[in-house]
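Number of protein chains: 2
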Amino acid sequence: MAFERTYGEIPGYPPGSTFKNRDELADSQVHRPNQAGICGGKDGAESIVVSGGYVDDEDYGTEIVYTGQGGNDPATKRQIADQQLTRGNLGLARSQIDGNPVRVIRGAGGDPKYSPKAGLRYDGLFRVVDHWHDTGKDGFQIWRYRLVALESADPPPAGTLGATGPAARTEATIQRLVRSTAVANKVKRLHEHKCQVCGIQLATPAGPYAEAAHIRALGKPHNGPDVASNVLCLCPNDHLLFDTGAIYIEADGTVRQAGTAAELGKLRLIHGHSVDWAQLAYHREHHQP
Amino acid sequence: MAFERTYGEIPGYPPGSTFKNRDELADSQVHRPNQAGICGGKDGAESIVVSGGYVDDEDYGTEIVYTGQGGNDPATKRQIADQQLTRGNLGLARSQIDGNPVRVIRGAGGDPKYSPKAGLRYDGLFRVVDHWHDTGKDGFQIWRYRLVALESADPPPAGTLGATGPAARTEATIQRLVRSTAVANKVKRLHEHKCQVCGIQLATPAGPYAEAAHIRALGKPHNGPDVASNVLCLCPNDHLLFDTGAIYIEADGTVRQAGTAAELGKLRLIHGHSVDWAQLAYHREHHQP
Numbered sequence: 052m053a054f055e056r057t058y059g060e061i062p063g064y065p066p067g068s069t070f071k072n073r074d075e076l077a078d079s080q081v082h083r084p085n086q087a088g089i090c091g092g093k094d095g096a097e098s099i100v101v102s103g104g105y106v107d108d109e110d111y112g113t114e115i116v117y118t119g120q121g122g123n124d125p126a127t128k129r130q131i132a133d134q135q136l137t138r139g140n141l142g143l144a145r146s147q148i149d150g151n152p153v154r155v156i157r158g159a160g161g162d163p164k165y166s167p168k169a170g171l172r173y174d175g176l177f178r179v180v181d182h183w184h185d186t187g188k189d190g191f192q193i194w195r196y197r198l199v200a201l202e203s204a205d206p207p208p209a210g211t212l213g214a215t216g217p218a219a220r221t222e223a224t225i226q227r228l229v230r231s232t233a234v235a236n237k238v239k240r241l242h243e244h245k246c247q248v249c250g251i252q253l254a255t256p257a258g259p260y261a262e263a264a265h266i267r268a269l270g271k272p273h274n275g276p277d278v279a280s281n282v283l284c285l286c287p288n289d290h291l292l293f294d295t296g297a298i299y300i301e302a303d304g305t306v307r308q309a310g311t312a313a314e315l316g317k318l319r320l321i322h323g324h325s326v327d328w329a330q331l332a333y334h335r336e337h338h339q340p
Numbered sequence: 052m053a054f055e056r057t058y059g060e061i062p063g064y065p066p067g068s069t070f071k072n073r074d075e076l077a078d079s080q081v082h083r084p085n086q087a088g089i090c091g092g093k094d095g096a097e098s099i100v101v102s103g104g105y106v107d108d109e110d111y112g113t114e115i116v117y118t119g120q121g122g123n124d125p126a127t128k129r130q131i132a133d134q135q136l137t138r139g140n141l142g143l144a145r146s147q148i149d150g151n152p153v154r155v156i157r158g159a160g161g162d163p164k165y166s167p168k169a170g171l172r173y174d175g176l177f178r179v180v181d182h183w184h185d186t187g188k189d190g191f192q193i194w195r196y197r198l199v200a201l202e203s204a205d206p207p208p209a210g211t212l213g214a215t216g217p218a219a220r221t222e223a224t225i226q227r228l229v230r231s232t233a234v235a236n237k238v239k240r241l242h243e244h245k246c247q248v249c250g251i252q253l254a255t256p257a258g259p260y261a262e263a264a265h266i267r268a269l270g271k272p273h274n275g276p277d278v279a280s281n282v283l284c285l286c287p288n289d290h291l292l293f294d295t296g297a298i299y300i301e302a303d304g305t306v307r308q309a310g311t312a313a314e315l316g317k318l319r320l321i322h323g324h325s326v327d328w329a330q331l332a333y334h335r336e337h338h339q340p
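Heads up: the sequence lines are chains A and B, in that order.
Count along the first sequence from 1, then add 51; that gives the number in this note's numbering.
Count along the second sequence from 1, then add 51; that gives the number in this note's numbering.
Just so you know, these hints were derived from the structure itself, not from any lab.
Check the hints yourself; a few may be wrong.
Pairs involving identical chains hold if they fit within one copy or between any two copies, as the list cannot separate such chains.
What the hints assert, rightly or not - 30 Å max Cα-Cα, derived DSSO-like pairs, lysine-lysine:
1. K245 with K93
2. K93 with K164
3. K245 with K317
4. K245 with K71
5. K239 with K128
6. K237 with K93
7. K128 with K188
8. K237 with K128
9. K239 with K93
10. K188 with K168
11. K168 with K271
12. K271 with K237
13. K271 with K164
14. K164 with K239
15. K164 with K71
16. K71 with K239
17. K317 with K168
Since this is a predicted model, take the numbers as computed values, not measurements.
Starting from the given sequences, assemble the full structure and let the hints guide the process.
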């Protein structure tokens with residue numbers, strides 16, 4: 052790398068800092084490019100601008116479903132071509148797996164509920180918690196990213212719970228987390244904590260360990276069901292590979308490596324735990340680059 | 052198992068519910084044993100009582116450093132023998148790796164800052180985030196557990212950051228998280244994301260993936276330093292095995308399996324990343340059962 056990226060806040064520009072235009076924003080280094088919505092490359096992404104340039108963006112304040120860059124006609128703001136997992140899009144995926152925070156800048160033109168009336172505003176650090184692709188409103192492939200404000204709460208450990216909750220948990224939220232853990236525990240116990248992809252059973256002094264991977268993620272915008280048939284029992288390595296789309300599972304149970312399509316074996320099935328094949332199709336459709 | 056454990060809240064007993072004595076508490080099912088401080092076994096622990104029975108307990112309100120059971124003279128409250136990772140102690144470790152919540156009941160006799168003046172009070176659900184052993188104030192081995200209130204915040208993903216922060220993050224806390232991620236990223240890049248234990252480099256569509264494992268954990272009560280020499284680059288599976296004490300690393304770099312002491316290979320070292328061997332000794336001393 053020719054330079055080190057700056058993750059985190061830029062001294063002198065706390066959340067709430069405002070900018071008249073993109074030139075002023077670029078000068079501050081809070082978001083360096085003059086036009087692009089994502090400041091990033093294959094080594095990671097450090098900042099994004101949310102300003103209504105993409106019809107598929109969704110803004111919920113402390114959570115944002117953000118559209119990747121490319122394939123967009125700036126005049127009409129419509130998608131006119133497929134997006135690829137390259138440049139800034141790859142950078143946001145990289146920042147997710149590295150756990151690097153992303154500076155979020157909102158501009159006039161974004162959702163009026165959360166955006167400034169004029170100019171641009173730095174709204175603090177967010178963490179990328181998910182990425183996948185979808186067919187956008189205009190019929191082309193888009194890459195999508197779910198970002199959650201750092202000030203709100205970190206997502207729960209990936210191994211245990213798929214949903215993220217706000218920091219001030221209501222009692223209902225806590226009971227939901229507990230139920231979700233119960234589903235996860237049931238599936239892991241049925242498989243005796245053996246990974247359904249590689250068969251390993253990790254032995255620890257506290258007993259065997261495995262993780263419950265939701266095939267279709269819980270929560271916005273996937274809204275997968277929190278039931279045993281939407282859960283796989285995986286070792287942490289295969290959980291990571293499955294969640295990032297590095298491996299996928301075909302309709303006949305063949306586990307394949309993304310890109311090469313190399314066969315890695317068959318999904319291990321047992322009596323008492325039915326897998327929902329429609330959710331595995333959803334996973335293939337949304338995570339294969 | 053002869054019965055299913057009940058994790059989470061007991062209907063009719065919200066946080067703040069009070070009990071005159073242990074019999075009334077046991078009748079409510081919030082904590083079933085009449086005497087033991089931990090309700091649990093090898094399949095998990097569902098509740099604990101914190102009431103000043105162990106000299107090594109530390110109560111910080113939303114965080115508790117709890118002492119395991121056994122080896123204790125109830126008359127003097129002093130330790131008179133080593134504790135083992137069995138029964139309730141094993142149960143709390145199991146609840147950590149399963150992500151199951153633990154009901155916490157405080158009783159008169161505990162830290163006066165957080166405990167009821169008389170009787171017992173149910174104080175809500177906590178998550179076990181760490182366990183290790185130590186030499187207690189009385190010179191015997193004790194098992195220790197760090198519990199964090201669910202209402203406060205979930206710990207950050209294990210792979211990225213070792214410290215937990217309160218839900219309402221101050222700017223200083225956020226900057227600390229960002230710095231911690233920078234240290235982690237540096238170590239992972241130096242190792243080209245290859246695991247220092249097994250050598251695997253997990254390939255994902257967003258690039259290679261590894262995790263930064265703190266050898267001596269950050270934060271209370273270990274207070275490990277957030278520097279590259281206190282970090283190993285590990286795959287998620289070996290990270291889990293290292294953190295749970297399932298594997299340990301000897302002074303000559305030999306990686307061994309806990310219990311059997313079987314040799315699993317040598318820690319992979321590279322120029323540019325010095326490992327602090329004193330921290331690896333600390334890990335051995337506190338995580339080997």
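Here's how the hints hold up against the structure:
no.	hint	result
1	K245 with K93	between (34 Å within a copy, 18 Å between copies)
2	K93 with K164	neither (32 Å within a copy, 51 Å between copies)
3	K245 with K317	both (14 Å within a copy, 26 Å between copies)
4	K245 with K71	neither (56 Å within a copy, 45 Å between copies)
5	K239 with K128	neither (46 Å within a copy, 39 Å between copies)
6	K237 with K93	between (39 Å within a copy, 16 Å between copies)
7	K128 with K188	within (11 Å within a copy, 67 Å between copies)
8	K237 with K128	neither (47 Å within a copy, 38 Å between copies)
9	K239 with K93	between (35 Å within a copy, 15 Å between copies)
10	K188 with K168	within (26 Å within a copy, 61 Å between copies)
11	K168 with K271	within (27 Å within a copy, 45 Å between copies)
12	K271 with K237	within (24 Å within a copy, 33 Å between copies)
13	K271 with K164	within (19 Å within a copy, 40 Å between copies)
14	K164 with K239	neither (42 Å within a copy, 40 Å between copies)
15	K164 with K71	within (19 Å within a copy, 51 Å between copies)
16	K71 with K239	neither (54 Å within a copy, 39 Å between copies)
17	K317 with K168	neither (54 Å within a copy, 59 Å between copies)
The structure fails to meet hints 2, 4, 5, 8, 14, 16 and 17 from the earlier list, while all remaining hints are met.
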